[in-house]
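Numbering-wise, the sequence shown is residues 341 to 472 according to my numbering.
Simulated from the structure, these hints should not be mistaken for lab results.
Using 27 Å as the maximum straight-line C-alpha spacing, the simulated BS3-like pairs for lysine-lysine come out as follows:
#: 1; residue 1: Lys356; residue 2: Lys452
#: 2; residue 1: Lys399; residue 2: Lys356
#: 3; residue 1: Lys457; residue 2: Lys437
#: 4; residue 1: Lys410; residue 2: Lys452
#: 5; residue 1: Lys399; residue 2: Lys410
#: 6; residue 1: Lys452; residue 2: Lys416
#: 7; residue 1: Lys437; residue 2: Lys416
#: 8; residue 1: Lys356; residue 2: Lys410
#: 9; residue 1: Lys457; residue 2: Lys357
#: 10; residue 1: Lys356; residue 2: Lys389
#: 11; residue 1: Lys406; residue 2: Lys457
#: 12; residue 1: Lys437; residue 2: Lys410
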Amino acid sequence: MPCPCNPQVNYSDCCKKAHTDIRSVATAEVLMRSRYSAFVLGDIDYLQKSHHSTTRPNKIEKRRIKAWAKAVDWLKLEVLYTSGGSETDSTGTVEFKAYYMENGQMGVIYEKSNFSKENGHWVYVDGVHRNL
Numbered sequence: 341m342p343c344p345c346n347p348q349v350n351y352s353d354c355c356k357k358a359h360t361d362i363r364s365v366a367t368a369e370v371l372m373r374s375r376y377s378a379f380v381l382g383d384i385d386y387l388q389k390s391h392h393s394t395t396r397p398n399k400i401e402k403r404r405i406k407a408w409a410k411a412v413d414w415l416k417l418e419v420l421y422t423s424g425g426s427e428t429d430s431t432g433t434v435e436f437k438a439y440y441m442e443n444g445q446m447g448v449i450y451e452k453s454n455f456s457k458e459n460g461h462w463v464y465v466d467g468v469h470r471n472l
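Using the sequences and the hints given, assemble the complete structure.
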């Protein structure tokens, strides 16, 4: 199966590693890509696990995210820019566009996401986003 974050690579060689062991994620960009793939696959538990404990969605928000993620048809991910977020950094930023179809119309999420390390592994903290 092609990986949702990059169809040129097999899922088993890409995001499945992160979904199986979040501690294997070496950079903020890899975490962001694995989160996109989790949205595509409806893996809400991974989205929760990869979210910083101080900004993690509550149970009601989690249900809304799950319903929305399953209601859209994800098309592709485009990484625009990364800053920091290497193996030796403790914070990083990734700017991306995620394309999807919803109710017959294409949508684009543009986000500048902030990541940090918590408990020894990368997590999503928050982001500034807008639908284009």
